[in-house]
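Protein chains: 2
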Amino acid sequence: MVPIRILSDNDVKNILDIKNTVACVEKAYALKANNQVRLFPMVSEVIFEGRAEMDIKSGMLNEEDVFGLKLVSWFGDNKNQGLPAITGLTMLFDLKNGFPKAMINASYLTGMRTGAAGSIGVKHLSKQDSKTLMIVGTGVQAIFQIAATLSQVQTINKVYIYDPVKYENASKFQYSIKTELDKIINDINDTYNKSWKQRIESVQFVAVETPVKALEETDAVITITPSRKPLIFKEWIKPGIHFSCVGADMTGKQEIDEKIFEVASVYVDDITQASTVGETQSAIRAGILGKNNLTEIGQFILGNAKGRTSDEEITIFDSTGIALQDLAVSKYIVSKAEEMNVGTIVQI
Amino acid sequence: MVPIRILSDNDVKNILDIKNTVACVEKAYALKANNQVRLFPMVSEVIFEGRAEMDIKSGMLNEEDVFGLKLVSWFGDNKNQGLPAITGLTMLFDLKNGFPKAMINASYLTGMRTGAAGSIGVKHLSKQDSKTLMIVGTGVQAIFQIAATLSQVQTINKVYIYDPVKYENASKFQYSIKTELDKIINDINDTYNKSWKQRIESVQFVAVETPVKALEETDAVITITPSRKPLIFKEWIKPGIHFSCVGADMTGKQEIDEKIFEVASVYVDDITQASTVGETQSAIRAGILGKNNLTEIGQFILGNAKGRTSDEEITIFDSTGIALQDLAVSKYIVSKAEEMNVGTIVQI
Numbered sequence: 002m003v004p005i006r007i008l009s010d011n012d013v014k015n016i017l018d019i020k021n022t023v024a025c026v027e028k029a030y031a032l033k034a035n036n037q038v039r040l041f042p043m044v045s046e047v048i049f050e051g052r053a054e055m056d057i058k059s060g061m062l063n064e065e066d067v068f069g070l071k072l073v074s075w076f077g078d079n080k081n082q083g084l085p086a087i088t089g090l091t092m093l094f095d096l097k098n099g100f101p102k103a104m105i106n107a108s109y110l111t112g113m114r115t116g117a118a119g120s121i122g123v124k125h126l127s128k129q130d131s132k133t134l135m136i137v138g139t140g141v142q143a144i145f146q147i148a149a150t151l152s153q154v155q156t157i158n159k160v161y162i163y164d165p166v167k168y169e170n171a172s173k174f175q176y177s178i179k180t181e182l183d184k185i186i187n188d189i190n191d192t193y194n195k196s197w198k199q200r201i202e203s204v205q206f207v208a209v210e211t212p213v214k215a216l217e218e219t220d221a222v223i224t225i226t227p228s229r230k231p232l233i234f235k236e237w238i239k240p241g242i243h244f245s246c247v248g249a250d251m252t253g254k255q256e257i258d259e260k261i262f263e264v265a266s267v268y269v270d271d272i273t274q275a276s277t278v279g280e281t282q283s284a285i286r287a288g289i290l291g292k293n294n295l296t297e298i299g300q301f302i303l304g305n306a307k308g309r310t311s312d313e314e315i316t317i318f319d320s321t322g323i324a325l326q327d328l329a330v331s332k333y334i335v336s337k338a339e340e341m342n343v344g345t346i347v348q349i
Numbered sequence: 002m003v004p005i006r007i008l009s010d011n012d013v014k015n016i017l018d019i020k021n022t023v024a025c026v027e028k029a030y031a032l033k034a035n036n037q038v039r040l041f042p043m044v045s046e047v048i049f050e051g052r053a054e055m056d057i058k059s060g061m062l063n064e065e066d067v068f069g070l071k072l073v074s075w076f077g078d079n080k081n082q083g084l085p086a087i088t089g090l091t092m093l094f095d096l097k098n099g100f101p102k103a104m105i106n107a108s109y110l111t112g113m114r115t116g117a118a119g120s121i122g123v124k125h126l127s128k129q130d131s132k133t134l135m136i137v138g139t140g141v142q143a144i145f146q147i148a149a150t151l152s153q154v155q156t157i158n159k160v161y162i163y164d165p166v167k168y169e170n171a172s173k174f175q176y177s178i179k180t181e182l183d184k185i186i187n188d189i190n191d192t193y194n195k196s197w198k199q200r201i202e203s204v205q206f207v208a209v210e211t212p213v214k215a216l217e218e219t220d221a222v223i224t225i226t227p228s229r230k231p232l233i234f235k236e237w238i239k240p241g242i243h244f245s246c247v248g249a250d251m252t253g254k255q256e257i258d259e260k261i262f263e264v265a266s267v268y269v270d271d272i273t274q275a276s277t278v279g280e281t282q283s284a285i286r287a288g289i290l291g292k293n294n295l296t297e298i299g300q301f302i303l304g305n306a307k308g309r310t311s312d313e314e315i316t317i318f319d320s321t322g323i324a325l326q327d328l329a330v331s332k333y334i335v336s337k338a339e340e341m342n343v344g345t346i347v348q349i
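Protein sequences, first through last, are from chains A and B. So the first sequence is numbered by my numbering: it starts at 2 and just counts up by one. So the second sequence is numbered by my numbering: it starts at 2 and just counts up by one.
Where hints are given, some of them may not hold.
As the list makes no split between identical chains, a pair holds if one copy fits it or if it spans any two.
[Claimed, not checked] Calculated lysine-lysine pairs in the DSS-like style (CA-CA distance at most 27 Å, straight line):
| no. | residue 1 | residue 2 |
| --- | --- | --- |
| 1 | Lys14 | Lys128 |
| 2 | Lys254 | Lys97 |
| 3 | Lys159 | Lys173 |
| 4 | Lys198 | Lys173 |
| 5 | Lys337 | Lys167 |
In case anyone wonders, no lab produced these hints; they're calculated from the structure.
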């Protein structure tokens, strides 16, 4: 019998802030580039065609002395019963003896680490004075992308919201956005989150029916949809734009025109995953680029890759979501939970 | 927040008996042969070369309305600190909505379902009047193989114990065997387990230094070691013998001479796993047989395969261990736990 710490979604919400999540995800990318981590093969399965999917991402973080996995599922029909479509669990094990350490509800955790990923692309690869962000998609993950990007990129003062399914989703989302952003803690040390409230108030949020006109003044786009066809076309974009493509995580998914890859510098979280299940897969399949045209973002964070070199360069960050993000954030959550005495300890 | 039932190893010990475990495993094999289940790709990783391994097995059982996974690790150095080398967890999720249902300590569960698998091979494929069993290997899993086989094959009255590393392991094991068998519940309905005690007393246990002479009167062999080279050679065996090969579950593992496959009928739990990570891999690699020479044991259970046809036939059952065994047994454990009000419910 060993003790295992169980952390609910509420526990995670009480522990996790944007700044620490971003720090963990950047660290995971850097450790990966330094080969101090291992990513195990992903299990990605359709459970019921068009209605339910599941994936298991696993790996190990040597420096943090943990290995583990995250199982996340999507059950589309849940919405009809008012239940969340996406649920999941993270399991953390001790790299010294294999014993289980913690089980963590992965819902909020996934939103936060995915938001961190999208924002890291914008922070490191968009133009230095980027002012306008466009978010494509208004599902549960969208708010985390906006929150993390506003936290990390202080120059942004306008956010266009585009929903490819219907405009009403975008306009509805627009009116709830400040309240929702306020629920996500930016910085755990900013006790009353005062500067975060000011930051939110400093931004204009604008729902748009079509992206074409808004793209003329957009500096960075984050795509976060389950799309299987391009939503943004090469003819619509101007030089200097950045894309963080976050939605594609399975074979057949695609959010932007593969022709944009012809004129872009491409960064990814993991070359294998990006070229097989990420946004990059469609450009690879079309023969527009090969794996050797891809740079892992961890190489940039470590200073081994140069990143953007001019205000005209078009950049893409393809974030497929890797287990190391989950493990690094989970390890942080567990350390804080021990410190704060949060969660339920069960002997197993 | 959803409720999840946490079941410790002690909880599992209080719930699980041999007869129900065997029934669950046979049902899992049959459902697999009937395509009412899905096995997802296995993740099998060496963590530290020669010192630690980990695997994640996952799948879904449509009829039981569950999907899930088992993560099991082996950390060899744990023994030096008096800790168990093998630990693991099973996670069960609801196939209706993806919500987590239960987390179960997988130690005892794994022993029981692995013992059930080995015994199912002996029960269905050894000669009808099999009297003598040989167990090769005296690690933690050995007792479960013996227990399940004595439960399922009533004609066996002698068990040879052979340890390929050193004889002392076998002779030590021999003296603890009746006490250890007594700790494993055979039939939950046999309240005081009276007939089980009688059954154990009816058997002779004999440690042997080498297997050669004992094999002359052995009807069925179960191999349960981490070996990477053959331990039983073709020259040593007689017609009519059965092998349940249970130890091999990774690339490079092997317990019996691949030449035995030249003269044997071969049954497996899963053709893909058996031919890549099971005992069968070495015979496949040597060109002795192909995948089309393999029959899944579920086909026999369903009555679609004929099984043994004479007392001279040599049979092999290659059990690599599939997620469906774990899921079927886990589902049974959870149903019993609900009925008996066992375990800890945590809101996650």
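Comparing the hints with the structure gives:
For the identical chains of this complex, Lys14 and Lys128 are neighbours neither inside a copy (32 Å) nor across copies (61 Å), given an alpha-carbon limit of 27 Å. In the homo-oligomer, the alpha carbons of Lys254 and Lys97 lie at most 27 Å apart only across protomers (24 Å), although the nearest pairing inside one protomer, at 38 Å, exceeds that limit. In this assembly of identical chains, the alpha carbons of Lys159 and Lys173 lie at most 27 Å apart only when taken from the same copy (17 Å versus 75 Å across copies). For a Cα distance limit of 27 Å, the shortest separation of Lys198 from Lys173 inside one copy, 21 Å, qualifies, whereas the shortest one across copies, 70 Å, does not.
With identical chains, the CA atoms of Lys337 and Lys167 are never at most 27 Å apart, being 41 Å at best within one copy and 48 Å at best between copies.
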